[in-house]
Amino acid sequence: MDLRRAPRTVIDPKVRQVGFVTPGAAPPPARSHSVATDACSTSPPAPDLSLPGSSISPVMIPPPRHASADGLSSLTRPAAAVHVPASPLRHDTVQIPIGSYNPSEILLGSSPMISPSSRLDAGSEFSDEVPTSAWLSRRGSGKFASSFPASSGEMMAMKTTGGGGGGNTPKSSLTTASVVKTLPGVSEKDGGALIEMQNEGTSKPQKQKTSKAERRAIQEAQRAAKAAAKEAGGVKPSASSGGAIPALKQGKVVKHSPQKKDGPQVTAPVTTSEKKVVDRLPEKDRKKDVPHPRMQFDDKHRVEKAKRRAVVNQSEARNRVELFRHLPQYIHGTQLPDLESKFFQLDPMHPSVCKVGLQYLSGDISGGNARCIAMLLAFKEAIGDYTTPPEKALVRDLTAKISSYVSFLIECRPLSISMGNAIRFLKNRIAKLPHTLSESEAKSSLQSDIDRFINEKIVIADKVIVRHAVTKIRDGDVLLTYGSSSVVEMIFLYAHELGKHFRVVVVDSRPNLEGQALLRRLVAKGLNCTYTHINAISYIMHEVTRVFLGASSVLSNGTVYSRVGTACVAMAAHAFQVPVLICCEAYKFHERVQLDSICSNELGDPDVISMVPGRKYLNHLDNWADNENLQLLNLTYDATPSDYVSMIITDYGMLPPTSVPVIVREYRREHLWI
Amino acid sequence: MPDVQALVNDFVLKLKRRKIEGSHASAQHTAELLRSVISHQRMPYTNQAGALIDAVKAVGEQLIAANPVELAVGNIVRRVLHIIREEDLSSTATAIEGLGLSAGSDDDDEGQHEDRPALSAAALAAAARSTLRAPSLQTLLEDIPDSAAAPQPPSSGGDSEGKSKSDKNIRSRKLKHDVIEAINELIQDIDTCHEQISEQAVEHIHQNEVILTLGRSRTVKEFLCAAKEKNRSFRVFVAEGAPRYQGHVLAKELVSKGIQTTVITDSAVFAMISRVNMVIVGAHAIMANGGVIAPVGINMVALAAQRHAVPFVVVAGSHKLCPLYPHNPEVLLNDLKCPSDLLDFGEFSDCMDFGSHGGSPLLHVVNPAFDYVPPKLVSLFITDTGGHNPSYMYRLIADYYSADDLVVKRRSTS
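Chains L and X are the protein sequences, given in the same order.
Read left to right, the first sequence gives residues 11 to 684 (the working numbering).
Read left to right, the second sequence gives residues 30 to 443 (the working numbering).
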């Protein structure tokens, strides 16, 4: 908190003055400042301006946004000037939600409704000049400088993606309005583009245009709803499906909005309703944050549905474990030859995606980072080869394409959380493509986005993590790791390069025995290693001084979702008072929460349990599937409770597991404007 | 006698080479060996019990040294020693009784016998107390000095001497006979402890229970099967128990009895334990403090069970009760097995070569055989004498062993 506050005071002293000085004392400095920056708004209510915001949460008004917002407001002022004599029709559209005030509608109708109204208020303020209306002035300045709680960034992004389709229709003032709202969260260059858009949009407030836009929006919404329904089969909540609902709601609201109109509304109701919206925003934001429930495979209806669409022909495994009915389990190896034979027939599938899918299926690519990078590179290639079919918009068609690739990959192997995050990023980028770009420009921008994601979020993040983690290794340490984590391996190698003297204990477990590969690489580099299996963890833990573990994902309740066995290692370390350090890139963080390892997991091939490599005489479980009383369970992940974790090392630094939700929130906001 | 020595050497060799493993097998073999040692032992006229004890101790010392980790061997040696002591006590008791009777019957030398019956009566009482009554503070306080307790051979006239000689001959044979009988009983006990333990299964396993176990233990198997035979339907998760993978064997056996069985990897124990009602495992040995020496991996299971408040039950026959208190048992009472269980020998042998890297190879492979579970992690012991708390183990042990035998070592004089 303190850390966060301090820079704010440095960067933007105005806000602090406003926030902490009594209203009576505040005006003079605030006025001088705001007069300089914001000629059109009244400054006296400025203290109130920040107060509602700070009452919601003091963290929600980060300084850079204000700084950029100021710049933007000055930039957009001409637009406002143009806009001030708003058409009566706009009044109407604006008033409707206020008249038919319904909190949920307003919430879901989201800021396209609000911001025009704010604009209107600004206009009315100009004419009426109601100086006491603190809130109005807030809108006046906040219209462009948008002092909306920053946490709404996510919601706005959703809206932009939903309205992104609307963005295609260039004259939709609704969407542009929402874009203005997102401006605070958008970096300078994007902001510039959007401002242009906004200018364009606001300059033509025609009735026909709006209605056209409305119709368009409805169509969009329906299409999006369909897409969402389709995608609901997929396990991951994706940006497009997330965006579909707001779009739908927005469309609905807009649709019946022109029917109810009361001429020029008094400003008072507007203020109250708007205020409420402001208050509710974080809540609404939180609602959006809740990830979609994943597909439950014990839901027969939906499984049937999903099967009909499936590309990969999979047969259900026999002797399922009752407890894991909700997870997919297929007979391993049956799909592979089938898919390989279809390699040239898979019409919609790009060959590179297909290849990656097969590699997932056969287990050639495993590990969170490797899988994510492979997928992104395949998508990059697919985007490179993509051409927009005639009469289709790139944004929508490409999103649909990516979605179909993703569902194919899911059929090959359930997505990891990191991959889900990467896909969400990509879809976001596609949705946010400025429609002014030509196809080739759009493609190259997407490709560079993908490269940047890989580079910044994985490669450089790993380097940062290594730098952080190495400071925790001292001479004479005995470091324990479990399984094979790429970043932990890098940490060990780097520390070895630095000349630190330490010993590594590699703990491994069946059936994957990934530790052996790690062991081979470490030994080849000359590290002193000890190898053991997970059952001996209590024996070896006596001599260990630190435990470094990788993670597949870190969930926002601090639970570490990782290779099965990690929880056992962390537990043993905790029992022996050995610190446990989790090394995980921040792009793997997810806002989902989980308490146990059963609700969400991945089932591996059960056959590998019955066979022990190198032990031919261990054949007790041959033909296990013939006996219905016997099941083999091969879990892939488990959830480590946060109290076993001493520290999580990410590219944002080293933090306790309790700080994960902060990173998730901050990261996701940033994630939007990468 | 030489054939006994050969037997002993043979058994020692087997123990050293770990040909005989598992507490049940080694306990049984030890008991049988000691039985033949005793039956071949020639009995002296005086202090027969002492002679037997010395002989057993001599053999026991070798056996324990052959495989100090196999605690069941030591347990059986101590049990046999305890048996000898007890039989000796009871036989002297009966002898004194007989002596008292004979003393009462012949009255040619009353003055000499005057005080003896009283003394022997006291000794008898003490002996009876110490055998019949459990040791307690009161017994300790009332204890009669050894000189009094030890029956003195009557040294009166030649007539009585001859009589007592024949009496002693019978007694000596009787002592040996009794001891062998008792050892036979012990062997039988070791064999049937599973049945006695599994009789209690229905008291602990209810309908629809979910049970987790790791590796294979015969006791656990019998325990679960007994519950199944009583028509309890329950589900068992079996962790495979690397690197021996005995869990596969157990799973197969359970399935053949019609028990719903799921085999999981050892690493999935923590993931599954939240849905488990009870953990039932076997043990290698139970220490006097209530700690358990068990196959490797059990401590992990116990920790996970504690985390989720799942009862952790250890089933074990009483021959696994060890009267020793553990010190650093993870290291001292452990056996490091061959690395080839974990790594293919061909792949990493160059890294493990002690010749390279100046005698310290880059790669070590640790493959311990046992785990130590501290008593605080154990909820319940189920032995053939019933269920017990870990804190009660010391008391059970006092029933089976005499305090003099904790260190099995021949006296330097003999």
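Derived by calculation from the structure, the hints in this document are not laboratory data.
Because the structure is a prediction, the values reported are computed rather than measured.
Glycine residues also receive a C-beta, built at the ideal position from the N, C-alpha and C atoms.
Wrong hints could be hidden among the right ones.
[Unchecked claim] 35 angstroms max Cα-Cα, derived DSBU-like pairs, lysine-lysine:
no.: 1; chain 1: X; residue 1: K405; chain 2: X; residue 2: K257
no.: 2; chain 1: L; residue 1: K310; chain 2: X; residue 2: K286
no.: 3; chain 1: L; residue 1: K402; chain 2: L; residue 2: K482
no.: 4; chain 1: L; residue 1: K402; chain 2: L; residue 2: K365
no.: 5; chain 1: X; residue 1: K438; chain 2: X; residue 2: K48
no.: 6; chain 1: L; residue 1: K310; chain 2: L; residue 2: K365
no.: 7; chain 1: L; residue 1: K482; chain 2: X; residue 2: K366
no.: 8; chain 1: X; residue 1: K48; chain 2: X; residue 2: K281
no.: 9; chain 1: X; residue 1: K438; chain 2: L; residue 2: K626
no.: 10; chain 1: L; residue 1: K510; chain 2: X; residue 2: K366
no.: 11; chain 1: L; residue 1: K310; chain 2: X; residue 2: K48
no.: 12; chain 1: X; residue 1: K286; chain 2: X; residue 2: K257
no.: 13; chain 1: L; residue 1: K510; chain 2: L; residue 2: K535
no.: 14; chain 1: X; residue 1: K438; chain 2: X; residue 2: K286
no.: 15; chain 1: X; residue 1: K43; chain 2: L; residue 2: K626
no.: 16; chain 1: X; residue 1: K286; chain 2: L; residue 2: K626
no.: 17; chain 1: L; residue 1: K310; chain 2: X; residue 2: K257
no.: 18; chain 1: L; residue 1: K315; chain 2: X; residue 2: K438
no.: 19; chain 1: L; residue 1: K626; chain 2: X; residue 2: K366
no.: 20; chain 1: L; residue 1: K626; chain 2: X; residue 2: K405
no.: 21; chain 1: L; residue 1: K482; chain 2: X; residue 2: K257
no.: 22; chain 1: X; residue 1: K405; chain 2: L; residue 2: K482
no.: 23; chain 1: L; residue 1: K535; chain 2: X; residue 2: K366
no.: 24; chain 1: L; residue 1: K473; chain 2: L; residue 2: K402
[To be verified] Stretch-level coverage of chain X by chain L, calculated; a stretch enters the list once three of its residues show a Cβ under 8 angstroms from a Cβ in chain L:
no.: 25; region: 51–60
no.: 26; region: 84–93
Structure versus earlier hints, numbers of those that do not hold, lowest first: Checked against the structure, the hints that fail are numbers 3, 9, 11, 14, 18, 20, 21, 24, 25 and 26, while the rest are satisfied.
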